[in-house]
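So the protein lines, in turn, are chains A and B.
Under this note's numbering, think of the first position of the first sequence as 21, with each following residue one higher.
Under this note's numbering, think of the first position of the second sequence as 2, with each following residue one higher.
Derived by calculation from the structure, the hints in this document are not laboratory data.
Incorrect hints may appear among the rest.
Residues on chain A that point at chain B, a partial pick, calculated with CB under 8 angstroms [said to hold, decoys possible]:
(1) Pro28
(2) His35
(3) Arg40
(4) Gly44
(5) Lys123
By construction, the Cβ of each residue, glycine as well, lies at the ideal position given by its N, Cα and C atoms.
Here are the chains, one letter per residue:
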Amino acid sequence: MREGLQGPAPEERPHPTGRRNGQGIRIDPETEAEPDTRRTVLSALVKNEPGVLAKISGLVSRRQFNIESLTVGTTTNPETSRVTVVIEESEPGIRQVETQLAKLVNVISVRELGDDAVGRELVVLKVHGDEPDKVHAVTEMYGGTTLHAGRDTITIEITGDEQTVDDAVDAYQQFGVRELARTGQTALARGGEWTTYAEEERYERMQTQPETNDD
Amino acid sequence: MSEGQPPQRAADEAEPEPAAADRTDEESRSPVTTGAESVVRALERAGVEQLFGVQGGAIMPVYDALYDADLRHVTMAHEQGAAHAADAFGIVSGEPGVCLATSGPGATNLVTGIADASMDSDPMIALTGQVPSEMVGSDAFQETDTTGVTAPVTKENYFADSADSIGDTVGEAFALAGAGRQGPTLVDLPKDITTGPTETEPDEGRTPDTYNPPEAADESAVEEAAGVLARADKPVILAGGGVIKGEASAELYEFATEYGIPVVTTMPAIGAFPEDHDLALEMAGMHGTGYANMAITHCDVLFAVGTRFDDRLTGGVETFAPEAQVIHADIDAAEISKNIHADHPLLGDAGTVIEQVGEALAEERAADMAATGERFAEWREQCRGWKEDYPMDYVAPDDAPLKPQFVVEAVDEATADDTVVTTGVGQHQMWACQYWTYTQPRTWVSSHGLGTMGYGLPAAIGARVAADAVASKKQRADGEAVDDDQSVVCFDGDGSFLMTLQELAVAVRENLDITVFVLNNEGIGMVRQWQDGFFEGRRMASEYPWMPDFATLAEAFGARGFRMEGYDEVEETIEEALAYDGPSIVDAQIDPDENVYPMVPSGGANGQFVLAEEQL
Ligand SMILES: Cc1ncc(C[n+]2csc(CCOP(=O)(O)OP(=O)(O)O)c2C)c(N)n1
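Chain B with its partners taken away, still in its complex shape (with noise of 0.2 angstroms):
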């Protein structure tokens, strides 16, 4: 094959405008003299203004160019901290996340966060050095095949060949990472490119002309979709991670109130819908509520929206939705009939098909003369029976150890309902998803796909630097001050925080306020309760039999620590963390013994939930 071309660019493509701040700024801006001020060029052009990373040999030259720039650099402790920061900048900000690290281990260390970003389809953009491109193949110091290795984990990754065309390249990526179904994309940078010269400031980033992710849905389909509609009796709406990638939420509430339609979501698409509406039935799947599980089993038509009907969801497929047409609505056709057959697909952008569907279902209406949202009052009644029948709930005596579902409880009490909550993996994630009410988009943080433990923290400092980064740029075009005290909690597994605790360091140094509430089980809780469940009890690896004292192990970071044992100590030690202006950890002592329910057994059928471990 032959040599790698510059992306090619249509020339009749408007040019998109520059904001305006930009525009005075890039006047004054000295012009670019090497490959790595062409990098950093190229972000800002895209906008960008944080990144997380670490320094190292073959990047050194990127951050050299960096120290001119006017962009806010965080410091991580661990590359996966920089992935993980960056992919949660990512998700509460809706803009890619950019980490940056070295060649070799530096870059192998992104990996897990670049795999987790992928599965979630966060939208994310990692830079990493490499070794000089003559030395590429060698096995150099600190050299790895970063492009090769991270192909199945990214969207697109590029191999930068030439300091003339490098800045070009990180704008498409970026451009990629946001475009359609968002995901990580990542460019490797030789020294020897990024040392290079080149005068070539890099363009307006642009998607390449070969990928055109559709727009609006056929119509023919949209009609099809909504006749399927109007006709059920028992229809569901699935809501996905798409709906909020896709900033869809308005539109999915706009719909499922005028028609009555009670909404499912799956776990990335937490906040999508609010959970204190009426028509909320919450997440369904392993650990979703007993009424969202009814309601997908015994619909008949199933409206799903930006899902790629992962297995945690849908549990055995043979039993999954077995009696509903599924109408799919996604723009990645890769996902249609992947693994649940589409009966009715729906190709396009996630709010522009609901919009689509709603006006074609108007006029379906309007020739039907029985109002289709009073056709679905008996379904929705059956759906809030199931509430009364399966309601969430746990059993918690008055003294310690405290029930984890009880802290997650207060502090969602104590904290306004704009808070965003990350988390690691494990029962406490399940916890913070059942006993949180969510009611906005882009406040649930969280590992769904890779189920990456250590996620919490890391993720936690990406969500902070996010949320005041998108206070701050309100502000400016606003012209005003916007309140931007929105909190960022933590809830944490002791194993989860143990895996990526040192970048605690970096929440003090950047004194970031956020709050790690640790529900420290002395163990890995899900493991032990699947090996209750499964394996007889034999509890291999998965009790702690020694722990640190996360309270004074958070002290001598520099941060806060609290300790938190009885139901009578939690309402003040809530108040006391979250007041605190800088990064604290609660260690909460929980009952060793809580399990998470209601369950699906694994490739069981979501409409038999275990409420008990004597039900398994």
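So that you can see chain A by itself, here it is in the shape it has in the complex (with noise of 0.2 angstroms):
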């Protein structure tokens, strides 16, 4: 005679008193907090292949990542682009962006760029032509460039970090900004580090081999 599944109810079980928070992270229920966000800057060093882009975006937005921004280029060989991803995540967030990212198979590889990174930003925005002397000394101070200026519009051209053409931005405000197109950062590392090992690599081995330029 079978019995049907036996033992004691759930509430009869013991319990272990232990907890993870969302992010399956072992907790100490006195320091409980969910895991603060931050900014970072990745950058991503990918095979200049079609489709590539799509995969990368594909990628984000399936997984719901807060993406900032996204910018993408060539790089010293023809074969890579480097694409620059701003993203505001919580660590385990941050770390999951890296490695799907790295995951890709036209991805070479990827490295989150320190707080010291060498970022830019470029901004394009046209303002009422009401007051022109105002409009220029305004873009002197942010050493941005003119455009063009027109009778009724003056198009200008700020690059600096993201603050600076936040900043400029602002200060276009009181004339009117009709309309603007900013890039989104692009950034390598500071100094003599490499933003990836790929082109380190690649750099030494032109150093040392330098029949192989175009490979």
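Starting from the two chains in their separate frames, assemble the complex, guided by the hints.
Have a look at this one:
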């Protein structure tokens, strides 16, 4: 005769007191807190192949990562591109973006740049042309360039770190900003430090074997 | 971005030795003249001997090239069947299964099967026809953006853009599917490229140079992990599907038995460790055994290998192994700390890492006079106690309706240990997990991550073809006859069976020896169980007011059909159905109100599994 499932009911069993948080990290109930998010820049060196950008953006949207900006452009090697991603995530989230990006077959290497990375962003904006002198003064102050000055509008280019660009845009608000286009950040590691190991390796290789330049 | 480049080959990489048999074949082969021939040649070079597919306009050039090739093509009734069959082929044989489809509807019909393989990290390659390059993007007849549609569900996909490189692309896709963390790859083949002229013989398929899965884990990390294990009082090994994918079952066995550490498996890892072993606690998670879930909940060190900590395994993460330090070995860095934080990550191949930790632990043990294994004796006793406290059992009266668990046990009893079991998705799938004793890897074939109803029958076809292929390969290698009568059985639900039963035509046409047990509860039982438990018994759309007679249906297809109602018919019917050399269907009339327990309500705590509906 079969007796069916036996055993103490759920509430009659011993239960451990430990817990994990939403990220699966074991927590001390006393100090429990959701991890803070932080803003950081990831630099990915990718193969310059059709569809790479679609794969990266698909990965990002699919996994609901919080992307602030994403820029792409070629590098010293025409076969590779650099993708610069600015994200705002918790620590485990940042590691996930990094490892998921690294996992893509067309991605050669990924690295989180430190706080000291040299990052720049460009904005092109168009303001009303009623007070050209004042506009010009603001442009000078932010080291910008006037790209076009017409009767009705003035178009300006500002390059700088994100904060500078934000401040400049703010300053132009007094003239009425008609429209603007920002690029998002692009960045390199500071000083002698290499942004990706793959580029360092290639550079070294080219120093010793210049004939393989065009690989 | 620039035009696509053919995959780069590292010049200094050693050319792998082609098998002796292939070499003579290759010499006698005529040179390739078209892209399609190059595709077929690439498959042959990769060692492919069988494929599953459905014909169609855009893929016709490839099929035409197959006409002269020495490959077994199994024509499926539906492309979903082709994908599931290829997936199951990969699971049973360990080699990527191949499926083919035409463009548009053919390709989209593959998608469920590709997604299924992707969720379970099964090695598989899909080849899809595509409209000619100049028509791509014009909404041409039978056009779909196949690489776009499948990007989220493939490990990598390719759009072939030249006849000269098409063979290498296929070779790379094949190699990639089986390397590192396995998964499905896809190559989309525009018709002008497959018909296009080329004399380029494809190279031996290689993974791209940007793909470098780790082999052995970092030594200092290994030592640290071994130290943690050695100091544990209540360790558990959690084996995931990666143990089977990485052919690490032997290493797992060696390790667990050497140190006397209890083993829990995830669902994809069923068969990775013999379930009849004293240390086996079987499957954990939503419908896992009570003892596996107790062990997971109370352990102090969890040595997890090749698992992605799916939510059906963990339940609510807050209460998953809440007091355990987690050692997580995986070949995919992105799995580390994705769902459960890894205190001690070990990146590497499953078998290699288990061996590394084993060696480091041996040193620990030599250093520490107290033998590690002895230290765990009390914990093992505790686990054994839980096995006694929470035995897997069901109530079975003497007459009809049949209890499904009884049917599963009876088939297990009537078949050999190496029998391959495939399933659909639902209650029957869980009973097939719970009441069958798996003792060997690659004998459990199911849809875990995606949970695809209709998986069972096409998977049985793929598994049958794989089992025969493995046997004949072995025979060729050893030069002597091998036991090639490994059985393949499928436990299906009536709802799941209805989703892909057209593949029965294929099983009959190919005379495949498979036995399907439809655990017929005249409804979609798992949904009904949840409605009864969580929706106040409001059985919306979960009971079928009318069911075809599956036995007669089987006969109409040319298969053998059986119907089974009472306990007195079970043994004889099973025997007859198994004895039939070809496909047979057993319509087993089971208790429509039987439910699957134990159960961890979704998001609940594993240690709070309920044993009956009253406890929900
Ligand atoms: C393709 C698909 N559609 C819907 C579901 C949702 N679903 C999960 S289990 C289940 C019931 C399965 O019924 P059946 O195959 O008869 O098996 P049983 O639970 O009765 O054993 C359903 C509808 C699914 N898993 N797959």
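We went through each hint and held it up to the structure:
1. Pro28: This interface hint holds because 7 angstroms falls under the 8 angstroms limit.
2. His35: 6 angstroms, holds
3. Arg40: Holds, about 5 angstroms.
4. Gly44: Holds - the Cβ of Gly44(A) comes within 8 angstroms of chain B, reaching about 4 angstroms at its closest.
5. Lys123: 5 angstroms, holds
Every hint from the earlier list agrees with this structure, and none is contradicted.
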